[in-house]
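These protein sequences, in sequence, are chains Y and G.
Each residue of the first sequence is one higher than the last, beginning at 0 in numbering that gives the first Met the number 0.
Each residue of the second sequence is one higher than the last, beginning at 0 in numbering that gives the first Met the number 0.
Treat each hint with caution, since some may be false.
Unchecked claim - Okay, the calculated beta carbon distance ranges per label pair: (1) Y:92 with G:71: 35 to 43 Å; (2) G:73 with Y:29: 24 to 32 Å; (3) G:73 with Y:61: 49 to 57 Å; (4) G:107 with Y:115: 55 to 63 Å.
As the list claims (entries may be wrong) - So these bits of chain Y aren't anywhere near chain G, every CB distance computed over 12 Å: (5) 33; (6) 72; (7) 101; (8) 106; (9) 127; (10) 154.
These are calculated hints, taken from the structure and not from any lab test.
For glycine and all other residues, C-beta sits at the position ideal for the given N, C-alpha and C.
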Amino acid sequence: MTEIFTDLPEIDAETRRRLHARLVAAATEAGVIDVAYRTVDTPVGTLLLATTERGLVRVAYPSEDHAAVLEQLATRVSPRVLRVPARLDLAATELEEYFTGRRQLFDLPLDLQLSQGFRRTVLSHLTDIGYGATASYAEIAAAAGNPKAVRAVGSACATNPLPVVVPCHRVVRSDGTTGQYVGGADVKKALLRMEAAA
Amino acid sequence: MSQQPFEAIVTEHGPTVLRVCRAILGPVAADDAWSETFLSALRAYPDLGPDSNVQAWLVTIAHRKAIDQLRSQARRPVPVAVLPEEPSRDGVPGSGQTELWTALMELPLKQRQTVAYHYLGGLPYAEVAEILGGTPQAARRAAADGIAALRQTYLKGTVR
């Protein structure tokens with residue numbers, strides 16, 4: 000009955016690319032892409048970058064599971080999520096410069112909507128820690144106005160939606176050990192080593 | 000359950016919607032209908048119910064966009080051939096597929112639609128009837144007539 004349609008070939012990759020590009024162009028013009036994303040290859044793994052109209056909203060390590068991160072964005076920001084690499088060209092360039100030692104400060108609009116309350120206050124203090132420097136969890140708790148909230152600083156770092164760009168990797172333990180990291184303890188050490196060497 | 004990112008919807012259902020559009024409009028005009036379908040879907044996506052059948056929803060939008068295309072084609076002062084002579088440019092390599100789209104274009108619209116929505120879009124006849132009006136039985140008959148005609152025109156000419 001359906002033998003006519005059983006051997007239809009797959010829609011080829013070139014056609015998919017062309018149609019996707021058309022959709023992106025039309026949706027951009029209509030202003031209906033709420034979250035645009037792309038991936039970028041770095042020495043610490045492939046990072047997922049996502050942006051809203053307001054700015055960079057998410058940087059995610061592979062260990063966070065990019066598909067799960069996109070679902071989280073769909074739920075918490077908007078389901079109008081599309082892959083639009085061009086919208087993240089600037090962020091990708093700055094990250095590439097950072098990872099090749101040519102950039103110490105990110106100059107990007109940020110959208111911190113995925114972090115709220117005290118955690119967000121903590122994140123706003125992390126950018127004060129300069130390239131190659133570190134601060135302890137206790138120091139950041141004090142700077143954020145709540146010296147006793149050392150563990151809350153830890154969880155703010157662990158849930159940082161913008162790792163690398165908002166430098167939670169520069170927050171270390173008071174005893175001098177590096178401590179945990181959203182991208183893995185080894186990645187944290189690698190970033191600190193890289194910054195120290197530059 | 001929460002909604003999937005729209006990109007996942009495009010990846011999963013894009014090819015099916017394209018085949019439906021091609022079956023109704025031919026390979027070239029299908030591109031326009033496809034992008035308009037997904038643009039329209041992207042706009043409305045946040046309001047789609049969590050339990051909705053996404054594929055049926057997309058095929059329904061594609062149906063409306065294809066009708067728009069057919070109307071605007073009909074309004075053009077100079078009749079334009081539905082199928083241009085350069086199919087490979089549009090990612091439909093292989094003469095077999097071109098012959099299939101040509102055979103489909105020769106069917107009456109109703110047969111084309113029922114065949115497209117049922118066999119390519121995967122909709123049961125009850126839903127095909129909801130989109131097109133009429134009864135599921137009438138939709139089934141139109142599709143059967145369409146398939147019979149395709150057997151005559153398309154399969155006869157191909158090596159089997």
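Here is how each hint holds up against the structure:
| no. | hint | verdict |
| --- | --- | --- |
| 1 | Y:92 with G:71: 35 to 43 Å | 42 Å, holds |
| 2 | G:73 with Y:29: 24 to 32 Å | 26 Å, holds |
| 3 | G:73 with Y:61: 49 to 57 Å | 52 Å, holds |
| 4 | G:107 with Y:115: 55 to 63 Å | 59 Å, holds |
| 5 | 33 | 8 Å, violated |
| 6 | 72 | 7 Å, violated |
| 7 | 101 | 31 Å, holds |
| 8 | 106 | 28 Å, holds |
| 9 | 127 | 34 Å, holds |
| 10 | 154 | 23 Å, holds |
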